[in-house]
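In the numbering used here, the protein residues as written are 2 to 476.
Calculated from the structure, these hints are not laboratory results.
Some clues are possibly wrong.
Under the rule of at most 20 angstroms between Cα atoms (straight-line distance), these lysine to aspartate or glutamate pairs were calculated in the DMTMM-like manner [said to hold, decoys possible]: (1) Lys142 <-> Glu130; (2) Lys142 <-> Glu72; (3) Lys21 <-> Glu72; (4) Lys142 <-> Glu169; (5) Lys318 <-> Asp331; (6) Lys142 <-> Asp66; (7) Lys150 <-> Asp170; (8) Lys21 <-> Glu55; (9) Lys150 <-> Asp168; (10) Lys150 <-> Asp93; (11) Lys429 <-> Glu382; (12) Lys318 <-> Glu451; (13) Lys21 <-> Asp66.
Label pairs and their computed distance ranges (CB to CB) [claimed, not checked]: (14) Thr345 <-> Pro165: 40 to 46 angstroms; (15) Ser353 <-> Gly194: 34 to 40 angstroms; (16) Asp343 <-> Trp184: 46 to 52 angstroms; (17) Arg38 <-> Ser353: 47 to 53 angstroms; (18) Glu231 <-> Lys150: 42 to 48 angstroms; (19) Val264 <-> Pro95: 57 to 63 angstroms; (20) Asn278 <-> Pro166: 33 to 39 angstroms; (21) Asp154 <-> Trp184: 45 to 51 angstroms; (22) Asp154 <-> Arg237: 35 to 41 angstroms; (23) Ser126 <-> Gly445: 23 to 29 angstroms; (24) Leu44 <-> Gly433: 22 to 28 angstroms; (25) Leu436 <-> Ser121: 14 to 20 angstroms.
Predicted model only: the values in this text are computed from it and were never measured.
Yeah, the Cβ is synthetic: ideal placement off N, Cα and C, and Gly gets one too.
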Amino acid sequence: MSEQPRRPRKPGKPYRRPQKDPVRILAFEALRAVDERDAYANLVLPPLLRKAREQAGPETFDARDAALATELVYGTLRRQGTYDAIIADCVDRPLREVDPPVLDVLSLGAHQLLGTRIPSHAAVSASVELARVVLGDGRAKFVNAVLRKVARDDLDGWLERVAPPYDEDPEDHLAVVHSHPRWVVSALWDSLGGGRAGIEELLAADNERPEVTLVARPGRSTREELLGEEAAVPGRWSPYAVRLSEGGEPGAVEAVRENRAGVQDEGSQLVALALANAPLDGPDRRWLDGCAGPGGKAALLAALAAGRGAFLLASEKQPHRAGLVARALDGSPGPYQVIAADGTRPAWRPGSFDRVLVDVPCTGLGALRRRPEARWRRRPEDLEGFAPLQRGLLRGALEAVRIGGVVAYATCSPHLAETRAVVADVLKQHPGTELLDARPLLPGVPDVGEGPDVQLWPHLHGTDAMYLALVRRTA
């Protein structure tokens with residue numbers, strides 16, 4: 002049998018298999034989950050990191066790799082609006098016509114180029130390799146071309162080009178520069194009360210990585226115990242708060258593993274403390290958390306109630322979230338009960354409680370540091386969906402509290418439609434109520450507003466933007 006002649010090789014470089022980078026592949030998978038499944042990065046990322054460590058081994062995928070993957074995911078999500086504006090200037094089609102997976106790779110590349118210290122050539126090269134792995138060679142060429150254009154300037158230079166001048170359109174300028182939807186910029190500005198400096202500081206704070214804050218649950222752990230942990234420093238305002246500096250891992254803290262302490266923003270702690278310390282007329286035996294999921298405030302309230310011999314009922318409408326509350330309260334030393342019930346259709350008799358907390362569902366605009374993807378999902382019309390529920394829960398709380406008792410209305414949003422507007426509307430329908438001055442119940446905390454309610458801010462207090470109003474039932 003005669004030998005077949007070999008086909009001549011085509012001129013050019015020989016084919017090279019793309020190099021798989023586990024860090025960037027993980028970041029890409031997290032962004033796809035956020036985009037495709039409406040997942041939250043803080044829920045998607047931990048299992049992806051565990052999987053990467055298990056597959057590659059701790060020596061191959063170490064703490065630095067995990068930190069880089071986390072920065073790529075959260076940094077890309079926080080600056081998505083800014084990067085979209087820059088990428089749009091570098092492509093020859095409307096951004097909506099770019100396939101979402103391609104846009105995710107481009108956004109990851111833009112963040113490495115404009116938001117990290119990774120050298121430009123390395124950022125482009127790594128992004129193109131990622132594109133080859135997850136998109137194929139054809140679209141990798143497109144990624145290469147676009148990112149080379151992005152690499153021609155730094156972030157400040159790009160912002161001068163793509164952001165409208167402040168004097169011509171201040172809200173759109175801030176939206177592009179600080180990567181927030183325009184309507185969110187407008188709403189936050191209204192809540193702050195005007196002034197350019199304040200809104201710029203707030204928007205910038207939303208783009209900073211928040212510290213992990215722990216709470217020492219009274220009677221079960223102490224702040225001194227938590228301060229014995231590596232990278233731990235005292236909280237700013239709460240006597241039970243401890244902050245973990247960068248790199249601190251809550252899961253490595255024994256008290257957290259044993260449920261004697263928990264992860265809880267300091268603003269959330271202050272809300273629970275304010276209700277617990279509000280002056281009452283009469284007995285102090287029965288407390289209610291009417292929107293208890295996922296259980297952070299309920300766990301602190303249960304510990305505080307236990308110290309006074311008071312009973313806490315923790316109610317949560319969604320059964321699976323009620324399960325989270327039960328786990329958070331497991332081991333609490335005082336009497337408590339967890340039930341699945343709707344706070345707008347109470348499962349208890351009117352006037353049954355001395356203290357009531359309703360931390361109502363909301364847009365979450367006060368926690369954009371922790372859930373950066375929320376800013377891109379929320380729409381102004383979402384406010385209309387939350388409004389009846391927020392008012393119904395506050396009405397239910399006022400019916401649940403006895404005369405002389407106190408209700409705390411709280412929400413992790415500074416939007417006026419979710420804070421003062423709700424309280425004002427409900428109290429008009431309940432003449433036998435009075436607003437208490439909440440400010441003295443946050444001792445040492447500055448800049449909490451003109452009162453009687455309280456608004457916390459990331460840029461002023463280092464907390465989520467929690468809102469609190471205290472209402473006493475008088476008749």
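Hint by hint, here is what the structure shows:
no., hint, in the structure
1, Lys142 <-> Glu130, "holds (10 angstroms)"
2, Lys142 <-> Glu72, "violated (25 angstroms)"
3, Lys21 <-> Glu72, "holds (19 angstroms)"
4, Lys142 <-> Glu169, "violated (37 angstroms)"
5, Lys318 <-> Asp331, "holds (19 angstroms)"
6, Lys142 <-> Asp66, "violated (26 angstroms)"
7, Lys150 <-> Asp170, "violated (27 angstroms)"
8, Lys21 <-> Glu55, "holds (16 angstroms)"
9, Lys150 <-> Asp168, "violated (28 angstroms)"
10, Lys150 <-> Asp93, "holds (12 angstroms)"
11, Lys429 <-> Glu382, "violated (24 angstroms)"
12, Lys318 <-> Glu451, "violated (34 angstroms)"
13, Lys21 <-> Asp66, "holds (14 angstroms)"
14, Thr345 <-> Pro165: 40 to 46 angstroms, "holds (44 angstroms)"
15, Ser353 <-> Gly194: 34 to 40 angstroms, "holds (38 angstroms)"
16, Asp343 <-> Trp184: 46 to 52 angstroms, "violated (30 angstroms)"
17, Arg38 <-> Ser353: 47 to 53 angstroms, "violated (41 angstroms)"
18, Glu231 <-> Lys150: 42 to 48 angstroms, "holds (44 angstroms)"
19, Val264 <-> Pro95: 57 to 63 angstroms, "violated (41 angstroms)"
20, Asn278 <-> Pro166: 33 to 39 angstroms, "violated (48 angstroms)"
21, Asp154 <-> Trp184: 45 to 51 angstroms, "violated (29 angstroms)"
22, Asp154 <-> Arg237: 35 to 41 angstroms, "holds (38 angstroms)"
23, Ser126 <-> Gly445: 23 to 29 angstroms, "violated (51 angstroms)"
24, Leu44 <-> Gly433: 22 to 28 angstroms, "violated (42 angstroms)"
25, Leu436 <-> Ser121: 14 to 20 angstroms, "violated (56 angstroms)"
Of the numbered hints listed earlier, those contradicted by the structure are 2, 4, 6, 7, 9, 11, 12, 16, 17, 19, 20, 21, 23, 24, 25.
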